Each structure stands twice: as C-alpha cells, then as structure tokens.
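J.: Sequence:
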Amino acid sequence: VRTVVAGLFGGEALLVSPDGASIVRPARTIIAAGAHDGVALFEGNDVPAVTSARAAALLAAQGVALGKRIVLAGAGPFADALCRLLEGKADIARVDVASLVRAEGQSRLGGVVVRDGSTEKRLRADALAVELPQEPAFELCQQLGAAVGFDGHFRIACGDTHALGPSTWIAGQVRGLAFDPASLIADGVAAATAALRLALRKATAAAAGGIPARRSGGLTILLLTRLLILLLRRLTVLLRLLRLSVLLGLA
6 VRTVVAGLFG
16 GEALLVSPDG
26 ASIVRPARTI
36 IAAGAHDGVA
46 LFEGNDVPAV
56 TSARAAALLA
66 AQGVALGKRI
76 VLAGAGPFAD
86 ALCRLLEGKA
96 DIARVDVASL
106 VRAEGQSRLG
116 GVVVRDGSTE
126 KRLRADALAV
136 ELPQEPAFEL
146 CQQLGAAVGF
156 DGHFRIACGD
166 THALGPSTWI
176 AGQVRGLAFD
186 PASLIADGVA
196 AATAALRLAL
206 RKATAAAAGG
216 IPARRSGGLT
226 ILLLTRLLIL
236 LLRRLTVLLR
246 LLRLSVLLGL
256 A
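For the sequence shown, my numbering assigns the number 6 to the initial residue and increments by one for each residue that follows.
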C-alpha cells in the first residue's frame, strides 16, 4: 500500500502517493493508524543511530544491522525480536531505559553513558535502540473531532464499539491495544464487520422505503460489492501486519 492518508477534513480524505495527491470523499472510513514508538528523555536522544527497537528490528528483518556494537535499552517484543534477528551478527548490551544518561556523538554515535549504581559507565556503541510503551497515533482521529484524553497514556473516546462517528470506525493500536498480531487482526475484522453491518442496514432500509425491487436489488448488490472490496483491502493490510510479525518472529 503506497498511498498515505495525509489528512481527514470535513468528510474528505487527502491521499498522497508517488503519483501525486488527491481528495476523495469516502462513504465509510476505518482508521487503523497504529501507534508511535515511545521516546526516552536523555541527553543526545537525537544523535544519528539512536532509534526505537521497532525500527531497528524492522531493519534487521530486511538484513540491515544498525551497527556491530548495539546498546539495547528496555524490554518488549521488538527488543526480543532484535536480539533474535541479530544473534551472531552484532554484540548487544542490554540495559534499563532508566539507566540512560546520554548518547555521545554528533554526526554519528560514539558511545552510551549509563548509570551504574552511584557511578556512570560508558559503553562503546555505534547504535542505540530503545523500547518503551507505544502511544496511539491519534492525529487522524483528532482531525475528525474525536476526544483525546490523557491519563498517563493517550486515549481516544470511542468505547468498545469501534465507532468514532456515523460512518467512521477505529481499530488496532490506535484504540490503545498492545502489539499482539492475533488481537490486532481480530480487532480489524471486528471494525470491518461493523462497517459492513451498517451498510447492509442502510441497503435494507432503502429497499423497504419504496425503491423499486429491481433498483433496490441492484443497489444492494452494488453496496455489497463495494463493501467486499473494502473488506478485502482491510484484510490485505491485516495480512501485511501478520507478515511483519512473522518476519520479526512475533507470531
């Protein structure tokens, strides 16, 4: 999928692809924007080769190692995947995120200073990967007027129905779910099912509202065809997620 939804404004979606930009008015929208990686606060956290464990693991899954000596801070599925993928290919030193003091370097990382009891210790490293809890990528939802709260973590007010509005649903990590491939796929299917049920109710109501039988039948078939295409597209995205989890060894 090379097209990116750059914005949702007043029922219209701004789509950007390598071929250019366009504006469409979708009949139904399912937002599965995922989550942002957590960012640790320490001096030098923007030095090149300081990245999230997820980004480092994605590169490793494609055969690219960030460095030969990697400091890995934090624990979680992506940190574990990175260790598994780079076993025998890089030296990895694991530390707690809370122990990070600073990353040294300017144009490239030269070392990582960590707190060791009452003293500080410098670790030689050419890469630093950090895993922290992720936060929902709520920006598109907020553009549609969704209420976003914060209780230590960002939350989008939608209850357990997936519904964000009359024709908009959200699914997956943007709802605050943890990264678990099976759960995320099931949640995406649930959101697509909710969209399908609403469309079927509208088609049934239209057929019962006096539309001639032939026309209503054609309308129902057209709606079902479009919804089937929508569902297949969503399943394609979910299958890509499953493939990613297989690459990382998380499924």
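One or more hints might be untrue.
Claimed, not checked - Here are the simulated BS3-like cross-link-like pairs (lysine-lysine), alpha carbons at most 30 Å apart as the crow flies:
1) K126 / K73
2) K94 / K126
3) K94 / K73
By construction, these hints were calculated from the structure, which means they are not laboratory data. Since we're looking at a predicted model, the values are computed, not measured.
J.: Now tell me if each hint is right for this structure.
T.: Tested hints:
With a C-alpha separation of about 19 Å, the suggested pairing of K126 with K73 holds against the 30 Å cut-off. A hinted pair counts as satisfied when its Cα atoms are at most 30 Å apart, and K94 with K126 qualifies at roughly 24 Å. With a C-alpha separation of about 7 Å, the suggested pair K94 and K73 falls inside the 30 Å cut-off, and the hint holds.
In this structure, every one of the numbered hints holds.
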